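A.B. asks: The lines below spell out each chain.
Number of protein chains: 2
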Amino acid sequence: MNPKYQAARSELLARLQEIEDLKSVAALLTWDQATYMPPGGSRARARQLATVGRLAHEKFTDKAIGHLLDQLQPYVETLPEDDDDAALWRVVRREYDRAQRIPAQFMADVANHTAAVYMAWTEARPANDFPRLRPMLEKTLALSRQYSQYFPEHEHIADPLIARSDFGMTVATIRPLFQRLRQELLPLVEQVTAQEPADDRFLHQYFPEDKQWAFGLEVIRRFGYDLHRGRQDKTHHPFMIKFSLDDVRITTRLDPHDLASGLFSTLHEAGHGLYEQGINPAYEATPLADGASAGVHESQSRLWENLVGRSRNFWHYYYPRLQETFPEQLGKVSLDAFYRAINKVERSLIRVEADELTYNLHVIIRFELELALLEGTLTIAELPEAWRASYQEQLGVTPPDDRDGVMQDVHWYAGLIGGGFQGYTLGNILTGQFYAAALAARPSLPDEIAAGDFAPLLSWLREQIHWHGSKYTALELVERVTGGPIRLEPYLDYLWQKYGELYRLSRPKVDPVPGA
Amino acid sequence: MNPKYQAARSELLARLQEIEDLKSVAALLTWDQATYMPPGGSRARARQLATVGRLAHEKFTDKAIGHLLDQLQPYVETLPEDDDDAALWRVVRREYDRAQRIPAQFMADVANHTAAVYMAWTEARPANDFPRLRPMLEKTLALSRQYSQYFPEHEHIADPLIARSDFGMTVATIRPLFQRLRQELLPLVEQVTAQEPADDRFLHQYFPEDKQWAFGLEVIRRFGYDLHRGRQDKTHHPFMIKFSLDDVRITTRLDPHDLASGLFSTLHEAGHGLYEQGINPAYEATPLADGASAGVHESQSRLWENLVGRSRNFWHYYYPRLQETFPEQLGKVSLDAFYRAINKVERSLIRVEADELTYNLHVIIRFELELALLEGTLTIAELPEAWRASYQEQLGVTPPDDRDGVMQDVHWYAGLIGGGFQGYTLGNILTGQFYAAALAARPSLPDEIAAGDFAPLLSWLREQIHWHGSKYTALELVERVTGGPIRLEPYLDYLWQKYGELYRLSRPKVDPVPGA
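Taken in sequence, the protein lines are chains A and B. Just so you know, we're using the UniProt record's numbering here: the first sequence kicks off at 1 and counts up by one. Just so you know, we're using the UniProt record's numbering here: the second sequence kicks off at 1 and counts up by one.
Check before you lean on any hint, since a few could be wrong.
Computed spacing ranges between beta-carbons, pair by pair [said to hold, decoys possible]:
{"no.": "1", "chain 1": "B", "residue 1": "L13", "chain 2": "A", "residue 2": "S42", "range": "17 to 27 Å"}
{"no.": "2", "chain 1": "B", "residue 1": "R253", "chain 2": "A", "residue 2": "P281", "range": "44 to 54 Å"}
{"no.": "3", "chain 1": "A", "residue 1": "N280", "chain 2": "B", "residue 2": "N2", "range": "32 to 42 Å"}
{"no.": "4", "chain 1": "A", "residue 1": "S42", "chain 2": "B", "residue 2": "K59", "range": "46 to 56 Å"}
{"no.": "5", "chain 1": "B", "residue 1": "E324", "chain 2": "A", "residue 2": "R222", "range": "57 to 67 Å"}
{"no.": "6", "chain 1": "B", "residue 1": "L227", "chain 2": "A", "residue 2": "R222", "range": "29 to 39 Å"}
Calculated directly from the structure, the hints in this document are not laboratory data. Predicted model only: the values in this text are computed from it and were never measured. Note that the Cβ used here is the ideal one computed from N, Cα and C, for glycine as well.
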């Protein structure tokens, strides 16, 4: 590398390090706020988060970053596309150009507005008072549409919003995938729920929190989550958060009367944590030290939570240990009964409590409502009723109020409308595709899982996915790992195989939607 | 205020807020490092602390701050000296001018050097390997002398270093105070230790940590420490740390075989916490939201730890409760025996474990060694032997090694040499003076303490000391509170009264040192 490039590269890395350090600091402020901060600290904490966020934004949108990128372009063009420097340059260029499109004043308006909406939501939701939020949400929608106008080249108005978390995906690619998925899920859910529901009452006995905590930790340690480079704490809403590649923390929530809730939340967040703990350490303090997209991130959490954690093989190994931990509660419950209970399917109101099958229906409802709002075919005033109608039509349940209806999820009340939900279902779809690729590479995986040996699966994920951080976009990564585009079929195969076996069903023929 | 001043004042406050937010963020990084950070996080954490520290320094030394101070000077000159704006201007002017004297490169050199020395100390101390540290410490001493050279107007070379934590105090004012204190302490210690030592073996039974924790929390809550605006965690070295005036946290350390150690550490840190929780909320996010000096801060911790926490009146109220908490361990131990045990005096090696009487001798030894090093009458090579000789002469004990001798305290191995110790003994002296003033204003305080009512004492401290933050210098504050300069006599009266009663001693006449 010639000295001119070397100097520019060093300066760019130093600037990126400073920005990443500020982002890590913001993450620590957030983590502390959710875990240990005394209530009195909240006002100053909001101010500190705003200060640090503003500094990071100022430093990233500094024209000097653009100049350095320009200076480095001829160097990067000599590199193979697969080179880390080239990848870093592309990611920074993309993010920098995106940030330059958005006026600082607009970002500040969004931050102030969404902070106010969030505060109002925390009060209006318990009071079931959607009308209070309506004018605020109308402004949120206007801001969301405005955001997309900064990217006038978009094909669909939701695309720039989707690109913020799932870069490369668009309405044109997601909508047919989701339509086909729903088309397959509806009859499956219909058949499953037509049968006697699984008895899961024994999961709602009293399970002391300390034992739940210890069991969950034991499982995720065995998965490979490194407690030397991470830790688990309790929060109201579980999450994963990173302060550096060597400090990736998770949180969980335990309910002494609900064994499954805390356990699967722990496995889910550990899946996110395993992803970030596995990123190439050379990417530390650069934008490459991140997940490839919201969807890919969710694929990692869901893979460990569902494809591993709710599998018969997993419990073949772990159920005797769980019975030892809770002999009074589970001593007389068979493995088969337990396996059915943790995979109970029911039409329900709440996304985050939904089972593996119906979960995607919750997500698709939200995704389509978002699109309708952005397209202008639905107004905020009509939203609560549209929510109810969608639930009635697709899930067969009617929310008795807006609290557990349109005000259920925080997303629309803590940011822009659009782009916040598709990642969950993209992640689920990818679990099927990634796991099928892993199985093809190593057919012994199920037996290893049944023997409590998760190292082979983790190694494969590390090498194929984790290691690369955000070097590749989601679509590039899927192409590398599976040899093609995102495909629904492996996920459908997985669902039909699992639930077909559980409920003795055989898969009907469905006309494929073109392109899915 | 005319609009020009108003604009300058607003801009200055906005800049100060940003700087204070960065300092709070650095404090959170530090707190997390000591409490919950997984070991793997340490490398990135050092980098993040350096980034945030550098940004705060850059922003505070920005010439714009100087211009704003200049612009505001005519406005401030129209204000009464006691006005908050005037005080803020003085404090910022003082700190800004000090910061301007020090080249940024020098600060960076000091930061890098002291980080390296600290790392080396953590290894060399357990290995009893002072020779390894010697060349590093010689550089630290050279840097310390260099620091003072940036303030060529100093009277004594240690004065600029002392001013960093105890602004307004100088060698000329501290040395005679400390000499007189030693002159008084030596015969008192002599007489006390000539008697049969108090039996404190019962303090070293097994005391379950959770009960120690709950008891300590109950006491400090009753002191007035607000857990809505603070919290307590466990760390290896206890400390108090502030993230905002509404989030002032403390840490403690519990030893299941040493009841006094954890309890008095808790009371000590709570004293620091009460100080900062009591600062005028109008000072939030400005440099006034801080203690007046290291000495004044220590006076608040020591007052609650010793003058309250080791008093007979306090235990008159709390000992029955402690016995209820630990009936097996203390049920048969009388209040009198307990009171003697927690006030046991012995000549010992370790400062942080020393009793109330000998503690100051440990500090004065360090203070005088620092002065000798800075004056050039002592070399680093001679320091270990000088340490041993001082301990032998003044405390009658000889450190068997350098680990518990010259390498005992972190101070010289984590910063400059000079100015790090005097605050401890200045604080002790001030406890006597402040408490005497409190008693004069409210003679019923001892009875209130004996009834477990700490609110009157806290109210007095709040109003007289806490509320003002760093609005006044230590000397101004002492003048306001006691009507005169720092005086040793009230502290000596307190010590003689307490230990005279405990050991049936009467105070000999000592020729006063002029000026003390």
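A.B. asks: Can you name, in rising order, the numbers of the hints this structure does not satisfy?
C.D. replies: Violated hints: 2, 3, 4 and 5; rest satisfied.
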